[in-house]
Structures are given as structure tokens and as C-alpha cells.
Amino acid sequence: MNLMRGSQDDQLDALFRAYREACSTPEPSVHFMPQLWRRIESRQSFTFSFRRMANALVTAAVAATVCLGIYTTIRRSDAAFYSQSYVEALAEASTIDTDLVAPARLEISQAPLE
Amino acid sequence: MRVDFELIKRAQAGDNAAFNEIVLAYRKRILGTITRVIARPEDVEDVAQEVFLRLYFSLDQLRTAEVFEPWLYRLTVNAAYDYLRKQRRRPEYRMSDLSEQQVLMADATAGGKVEHDDQYQKKIRESVDALLGAVSEADRILLMLKEVEGLSLKELEKIYQVNENALKVRLFRARQRVLKAFGASTKGKEPARAG
Numbered sequence: 035m036n037l038m039r040g041s042q043d044d045q046l047d048a049l050f051r052a053y054r055e056a057c058s059t060p061e062p063s064v065h066f067m068p069q070l071w072r073r074i075e076s077r078q079s080f081t082f083s084f085r086r087m088a089n090a091l092v093t094a095a096v097a098a099t100v101c102l103g104i105y106t107t108i109r110r111s112d113a114a115f116y117s118q119s120y121v122e123a124l125a126e127a128s129t130i131d132t133d134l135v136a137p138a139r140l141e142i143s144q145a146p147l148e
Numbered sequence: 044m045r046v047d048f049e050l051i052k053r054a055q056a057g058d059n060a061a062f063n064e065i066v067l068a069y070r071k072r073i074l075g076t077i078t079r080v081i082a083r084p085e086d087v088e089d090v091a092q093e094v095f096l097r098l099y100f101s102l103d104q105l106r107t108a109e110v111f112e113p114w115l116y117r118l119t120v121n122a123a124y125d126y127l128r129k130q131r132r133r134p135e136y137r138m139s140d141l142s143e144q145q146v147l148m149a150d151a152t153a154g155g156k157v158e159h160d161d162q163y164q165k166k167i168r169e170s171v172d173a174l175l176g177a178v179s180e181a182d183r184i185l186l187m188l189k190e191v192e193g194l195s196l197k198e199l200e201k202i203y204q205v206n207e208n209a210l211k212v213r214l215f216r217a218r219q220r221v222l223k224a225f226g227a228s229t230k231g232k233e234p235a236r237a238g
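Residue numbers (our numbering), protein chains in the order written: chain A, 35 to 148; chain B, 44 to 238.
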């Protein structure tokens, strides 16, 4: 087999074939399996802590939601406040100062006609 | 298939001994593929362990036995690809060096007899690594699986999850890019030989 003869395609194929023969599959080392299991266990413990943290966060979020719900319900029970219309509520909130704004009075005096 | 689906089911159910058996059945093959793809012997075991680590944590997603091997190959390809992307500091392969190696290869095979000694094999490995160093990681892996691992188009379709035509186009383009680098290297060599 001459790798440098023929078309470039053939040369490339020959080179790949030679490469396949030249690359021997390495034997796994004795540490392969123990290291793999160590990595699996380490990832598992990380996943476990992450999951625990996520669970704690979810629980806290649910508790906060429940508290907010209860608080909102209590506020809503003040029915009188919510039964007013917008105009009524506005009128109650800003009372007109009657001292300053008195009703206008028109006084018409009749002068004697000359 | 090197293992039966029962073993995979047991591993899915959390049987570590079953998973161990799966690893033992496939590790040599996976190591071989990774060796050829990443071309760095010192990191081969690390990448292979990453493959089996991913397998361990995603095994419960496997539904049918027939997709196990393509799926394991896909994990291998992805791990090798991730590794190659991290190792962007690949050595610069100069085409003049490549040509020199090819001259040596040609000299070694001039008598029509291939000398399978360590030196020759080393040169071959360096030549192909240099050639594939000139193309992208994706092209490198695809060509390795097709040309060196000898996977069929059907197998590659399952691994890459693309149809045959798209795969053929990708293979053709990848090969064209390698051929271009190969052509450039041989062109660079000719004047030297002539002179």
C-alpha cells in the first residue's frame, strides 16, 4: 500500500485505513472503575444537595403565598370599605372646607327711582 | 448488542452491579473511539468516564433496547465534542510539517511493504491528527466515526438524528475540507521533492 499514489480521495482513504490500524485501543487502567464510581457519587451528592435546596425554596415560596393569601383575605373582609363606590370614597376622603367656600348670595337692593 | 435489555432495565431500576456490567461491556469500545477522536491518550479515560457518568444519570430516559448503542455513541460524540471545544488550544499544525511526515510515510512505503513499527504508526497518527486539526471539531468527529470507526450511514443517522441526505451533505462537506487541507499539504511538498 502506497499512501502517496492515486487520486487524493484514494490517498485520503488509504491514510484513514492506515490510521485505523495505527491506533490501538488502550487498555483501561485499574483505576478506571473506582474513579468512575467516585465521580458518580460526587455528582449524586451534589444533585442531592441541590434538590434539597430547591425543595426548601419551593416550601418557602408556598408558605409565603399562603401567608399573602391569608393577609389579603383578612383585608378584604372589611366589606364597608369596599362596598363604597369610587365617588363616595373620594367625597369622604376630601371634604370641602365650608368656611372658605360659602354659597354665593346675590343681594339686589332696589334704589329709589328718581 | 453487547448487553441485553434486561440488564439495562436493572440498571435503570438503580442496580449498580448491572450498571457496572454495562460499563465493562462497552468501556473498551468507547475508549477506542475516544482515543481516535481526541488523539490525546492522557485524557482518554477522563472523557470515557464522563461518557459513563452521563449514561448513569440519563439511563432512565431510555425507552427501547435498540436505541441503546446509538445513544451511547451520541453521548460519546457529545463528550468528545465538549472536550475538543474546551481544548481549543490545539497545537498549530504546520502544513510544511505535515508534508514532511507524508514524505516519510511515502518513503516508508516505497517498497510496497508497510512497516508496522512504532515509528511508522506514530507518523501516521500525527499525519491524520494534523490533517483533522485543520478542520472543525464537528467535522473531525464525523469523519472519524465514518472513515476510521467504520460506522454505516444508518448508524450515523441514529447518532446524529438527521436524515440520510443531510448526513451525506455534511459528510461530503467535511471530506472536502479535509481534502483541501490534504491537497494544500501535498502541493507544499512537491517543490521540495522536485528540488
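Source of the hints: derived by calculation from the structure; they are not laboratory data.
Don't take every hint at face value.
Selected chain B positions facing chain A (in silico; Cβ < 7 Å) [unchecked claim]:
#, residue
1, D47
2, G75
3, T78
4, Q92
5, G226
Glycine included, each C-beta is placed from N, C-alpha and C at the ideal position.
Against the structure, the hints come out as follows:
For B/D47, the interface hint is violated, since its Cβ never comes within 7 Å of a Cβ in chain A; the closest pair sits about 21 Å apart. The interface hint given for B/G75 holds, since its Cβ lies 4 Å from the closest Cβ of chain A, which is under the 7 Å cut-off. Interface hint at B/T78: satisfied, since its Cβ lies 6 Å from the closest Cβ of chain A, which is below the 7 Å cut-off. With 7 Å as the threshold, the beta carbon of B/Q92 comes within range of chain A, its nearest partner Cβ sitting at about 5 Å, so the hint holds.
With 7 Å as the threshold, the beta carbon of B/G226 comes within range of chain A, its nearest partner Cβ sitting at about 6 Å, so the hint holds.
This entry does not satisfy hint 1, going by the numbered hints stated previously; all others are met.
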